[in-house]
Amino acid sequence: MSQIRSIAERRRLRGIYVLIALSLFELLMFGFLKASSEKTTFGFVLGKEWVWFHEWAVKSSQGAQIFTLISLALCGWAYLRFRNGKTIALAAGLVSGFLILAFIDWAAAGKFIPLTGMLQGALLLAAPLIFGSMSGLLCERSGVINIAIEGQLLSAAFTAAVVASLCNNVVWGLIAAPIAGALISLILATFAIKFGVDQVILGFVINVFVIGLTDFLYKKLLIPYGATWNYGLTFSAIKIPLLSKIPIIGPILFSQSIIVYLMYLIVGLINFALFKTRWGLRTRAIGEHPTAADTVGIDVNRLRFRNVLLAGLVAGIGGAYFTIGSVGSFGKEMTSGAGFIALAALIFGKYRPMGAVAAALLFGFSDNLGSTLSIIGVSIPSEFMLMVPYIATIIAVTGLVGRVRAPAADGVPYTRGESH
Amino acid sequence: MSLELRAITKRFGALIANDAIDLKVEAGQIHAILGENGAGKSTLMNIVYGLVAPDSGEILVDGKPIKVTQPSDALDAGIGMVHQHFMLIPVFTVAENIILGHEKLKSNRVLNLEQARIDIKRISEEFGFEVDPDALVEELPVGVQQRVEIIKALIYDAKVLILDEPTAVLTPQETDELLKVMRKLREKGTAIIFITHKLREVKAVADEISIIRRGKVVGTALPTASQEELASLMVGRPVDLTANKSSKSAGEPILVGRDLTIRDALGRAVVNKANFEVRAGEVLAIAGVQGNGQSELARAIINLEDHVEGSLSLSGKELVGLSIHDSLHEGIAFIPESRELDGLVGSFSIAENLILDLHDSAPFSKGISISATEVLANAEKRVKEFDIRLQSIQDPVSSLSGGNKQKVVLARELSRPVKVLVASQPTRGLDVGSIEFVHERILAERDAGRAVVLISTELDEVMALADRIAVMYRGEILATVDSTVTREELGLLMAGVSSKKASVA
Numbered sequence: 001m002s003q004i005r006s007i008a009e010r011r012r013l014r015g016i017y018v019l020i021a022l023s024l025f026e027l028l029m030f031g032f033l034k035a036s037s038e039k040t041t042f043g044f045v046l047g048k049e050w051v052w053f054h055e056w057a058v059k060s061s062q063g064a065q066i067f068t069l070i071s072l073a074l075c076g077w078a079y080l081r082f083r084n085g086k087t088i089a090l091a092a093g094l095v096s097g098f099l100i101l102a103f104i105d106w107a108a109a110g111k112f113i114p115l116t117g118m119l120q121g122a123l124l125l126a127a128p129l130i131f132g133s134m135s136g137l138l139c140e141r142s143g144v145i146n147i148a149i150e151g152q153l154l155s156a157a158f159t160a161a162v163v164a165s166l167c168n169n170v171v172w173g174l175i176a177a178p179i180a181g182a183l184i185s186l187i188l189a190t191f192a193i194k195f196g197v198d199q200v201i202l203g204f205v206i207n208v209f210v211i212g213l214t215d216f217l218y219k220k221l222l223i224p225y226g227a228t229w230n231y232g233l234t235f236s237a238i239k240i241p242l243l244s245k246i247p248i249i250g251p252i253l254f255s256q257s258i259i260v261y262l263m264y265l266i267v268g269l270i271n272f273a274l275f276k277t278r279w280g281l282r283t284r285a286i287g288e289h290p291t292a293a294d295t296v297g298i299d300v301n302r303l304r305f306r307n308v309l310l311a312g313l314v315a316g317i318g319g320a321y322f323t324i325g326s327v328g329s330f331g332k333e334m335t336s337g338a339g340f341i342a343l344a345a346l347i348f349g350k351y352r353p354m355g356a357v358a359a360a361l362l363f364g365f366s367d368n369l370g371s372t373l374s375i376i377g378v379s380i381p382s383e384f385m386l387m388v389p390y391i392a393t394i395i396a397v398t399g400l401v402g403r404v405r406a407p408a409a410d411g412v413p414y415t416r417g418e419s420h
Numbered sequence: 421m422s423l424e425l426r427a428i429t430k431r432f433g434a435l436i437a438n439d440a441i442d443l444k445v446e447a448g449q450i451h452a453i454l455g456e457n458g459a460g461k462s463t464l465m466n467i468v469y470g471l472v473a474p475d476s477g478e479i480l481v482d483g484k485p486i487k488v489t490q491p492s493d494a495l496d497a498g499i500g501m502v503h504q505h506f507m508l509i510p511v512f513t514v515a516e517n518i519i520l521g522h523e524k525l526k527s528n529r530v531l532n533l534e535q536a537r538i539d540i541k542r543i544s545e546e547f548g549f550e551v552d553p554d555a556l557v558e559e560l561p562v563g564v565q566q567r568v569e570i571i572k573a574l575i576y577d578a579k580v581l582i583l584d585e586p587t588a589v590l591t592p593q594e595t596d597e598l599l600k601v602m603r604k605l606r607e608k609g610t611a612i613i614f615i616t617h618k619l620r621e622v623k624a625v626a627d628e629i630s631i632i633r634r635g636k637v638v639g640t641a642l643p644t645a646s647q648e649e650l651a652s653l654m655v656g657r658p659v660d661l662t663a664n665k666s667s668k669s670a671g672e673p674i675l676v677g678r679d680l681t682i683r684d685a686l687g688r689a690v691v692n693k694a695n696f697e698v699r700a701g702e703v704l705a706i707a708g709v710q711g712n713g714q715s716e717l718a719r720a721i722i723n724l725e726d727h728v729e730g731s732l733s734l735s736g737k738e739l740v741g742l743s744i745h746d747s748l749h750e751g752i753a754f755i756p757e758s759r760e761l762d763g764l765v766g767s768f769s770i771a772e773n774l775i776l777d778l779h780d781s782a783p784f785s786k787g788i789s790i791s792a793t794e795v796l797a798n799a800e801k802r803v804k805e806f807d808i809r810l811q812s813i814q815d816p817v818s819s820l821s822g823g824n825k826q827k828v829v830l831a832r833e834l835s836r837p838v839k840v841l842v843a844s845q846p847t848r849g850l851d852v853g854s855i856e857f858v859h860e861r862i863l864a865e866r867d868a869g870r871a872v873v874l875i876s877t878e879l880d881e882v883m884a885l886a887d888r889i890a891v892m893y894r895g896e897i898l899a900t901v902d903s904t905v906t907r908e909e910l911g912l913l914m915a916g917v918s919s920k921k922a923s924v925a
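Keeping their order, the protein sequence lines are chains E and X. Numbering of the first sequence is given in my numbering, commencing with residue 1 and proceeding in unit increments. Numbering of the second sequence is given in my numbering, commencing with residue 421 and proceeding in unit increments.
Honestly, the hints are just simulated from the structure, not real lab data. The beta-carbon is built from N, C-alpha and C at its ideal position, and this holds for glycine as well. Where hints are given, some of them may not hold.
To be verified - Here are the simulated DSS-like cross-link-like pairs (lysine-lysine), alpha carbons at most 30 Å apart as the crow flies:
# : chain 1 : residue 1 : chain 2 : residue 2
1 : E       : K59       : E       : K111
2 : X       : K487      : E       : K276
3 : X       : K487      : E       : K194
4 : E       : K276      : X       : K526
As the list claims (entries may be wrong) - If you want a taste of the chain X side facing chain E, the calculated C-beta under 10 Å gives, among others:
#  : residue
5  : D442
6  : P491
7  : D496
8  : G498
9  : H505
10 : N517
11 : L574
12 : Y576
13 : D577
14 : N664
15 : S666
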């Protein structure tokens, strides 16, 4: 072919080839060579939603054949879309989904797979990551690196649990948590924007500070006086009428606590505001070229300051999710690196809200898949199971996501008259 | 509308950037501000635009003093500025860039880009710009980006337009277009402040000329003044603008490139199958608008580029694949495009910078240590030879002026046995005096029988020094022409037009 292709086109084509190769590999391995004649049972029911059938049992080898053939067909569709110059993200996503199904079908031969439950678990694991990545997005898009997401989440998780316990009311916990997140942001904004401190070091220091402080208070306050300070109130799930009855997705999306509904709202709002409103245009401008924004009369540092505080509020709600949104009581260092995974999701998602959400869901799903498979007791070592999703992630990044470009002025303090 | 500056003074520490500057521009007038780099032109304009706060002085619009503490004050007063480094957001569309800071909203608080599109089209038609409101700025050629900047100023009714070194990034054709636009704006009554150090353009378009030297207005002139007069006002002493080039016939080819292709990290060919040869005793200029592959070609000669295909030989020896160290020791002197970034180690002393390339060989290296006495003795010698003005050879090289820094680079690079001198933008950002010195040195190397590759985007420099000129456009050597070529032909070639008149030599 003498046709000249752009880098993006070559990458997309390479992605399609990789997916075809993976489909063929899985068809061969799971459908024939290593196929099992035992039955795999997929469960679809979680609560009382309307369903036609509650589970589907299929011979593992046949299941694998069906799923991989569907993904091969979808590869063909993806190629046709590519030929017509259209995006292939949806097609590639579907192919990956069916490939994962084929893998599960093979790995869980002879077992029962609670498919709906697994997807719900994925969403629950992804929720704090999504909040964290939205916090990161608000900062980085305005040109401030936010390594302190972890600290924001942890301080808010602590505050939510304590305030909810003391007031004996979860709502007060949910109100206090964003304030805690914003206080951490205040430290970040003051030192990063006002004093131009290196933002990576600063974020790191804030995290160490929050971990130390919460550890101390946990040991001296929450453990001895747990009955009043940390007795584990939680929000109960709110079932949305009708919507929660939709098969498969209903119970996953619409039978959740208020915090998850807030998450939908926040993601939607940020996605809209960032690309369609004056605030969004200015925010993107100060993250890319603050001097240019300044020369048209935008107060760069003020907007940055505001956005970092806003990010703290968002991360704060995510922090509340760890305690009053799920397990109730606060545990030592309970965020265990979620802030950093959220940052990874943001970058993986190309600094776009929907991209970050997709990446967070993928991370949540990977996490959950590994544990589900080891719980139902598949023969493969669970460590190996945990690796598979990350290998898939690497393939997705090289084949489909392509080069990630951070906002050009990310991490650079702005002082008038100094740049250029 | 008229703009007047009264006794503007600005100090940066001990340096007086602007010393009681008075200036007046009337509506419908192009007022050129001529001065060397570092004379204080840009500081003055940044004061007018609210980016720098003056220590004292007044800005008056139509005779009334105004307060300008930030750019929005200047915009409100009707002052627009086209910056030397464009104030455009590369990942935004033209329309988004134009509305930024003045956003109009629809009733539901969503950005309204429609009005901006209409305004952009209206101004584009009025001035003959072809600007697509929905194009991404980073995908536009530099000349078009500049038009976007001009539209940005005009759309908010700028009555005073400051153009800061607007022609530095343009091809000769684009420059001519810009001068036309400036004349049109003048007819419409806009007051224009045109900052430049290019004498030809000043003479072509200015109504009045103020010359700034060391932060002071040292004189005014009319466009009828000769280039020599203007230059000597700018520098403060008589200047000879023509480099004295002796006629001399070139010898054997020394440096020969065959099908030389250079790729960037993404695999795109930034130089595509370049064929050229440089003979002993000649200057081959590689001309072209910035970003057409010249820089990469220069860097490839000492193997600073990673993905090089084809052949490049020096007196018959293949260079492609050698280490940088070995390439240098084959007899290549290299003056990099950015002396601060690639030519010098700013925090090292002048003496140390002078032996960066030879620190590992005798007499500077003794066993595992470096001989301080030899290093200092060498520095004393070089400083004298190249007339480097300094306080002490032990001072960090970053304390020197641009011209003296370039002399340090030259002194070091020419201290090895040299067959080829590669000079990449050797006079960028230098004052007229230093330019003279660098030009003389380059011609001296040529006359001593060395092959010289000169990479320059300055047409005047190319015309003055070159024996032959290779014009690069989008990574290809479009043509190699004799130095008898006219400016216009060269300009056309730089814009990618292969004219029949530009004979291939």
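Right, here's what the structure says about each hint:
1. E:K59 to E:K111: holds (11 Å)
2. X:K487 to E:K276: violated (34 Å)
3. X:K487 to E:K194: Measuring from Cα to Cα gives roughly 25 Å; hence the hint holds.
4. E:K276 to X:K526: holds (11 Å)
5. D442: violated (23 Å)
6. P491: holds (5 Å)
7. D496: Because about 8 Å separates X:D496 from the closest Cβ in chain E, which is inside the 10 Å limit, the hint holds.
8. G498: Status violated, d = 14 Å.
9. H505: Check passed: Cβ of X:H505 comes within 5 Å of chain E, closer than 10 Å.
10. N517: holds (8 Å)
11. L574: Check failed: Cβ of X:L574 comes no nearer than 14 Å to chain E, outside 10 Å.
12. Y576: Check passed: Cβ of X:Y576 comes within 9 Å of chain E, closer than 10 Å.
13. D577: Given a least distance of 14 Å, the restraint on X:D577 is violated.
14. N664: Since the shortest Cβ distance to chain E is 37 Å, the answer is violated.
15. S666: Nearest chain E Cβ about 41 Å off; hint violated.
The structure is inconsistent with the numbered hints 2, 5, 8, 11, 13, 14 and 15, although it conforms to all the rest.
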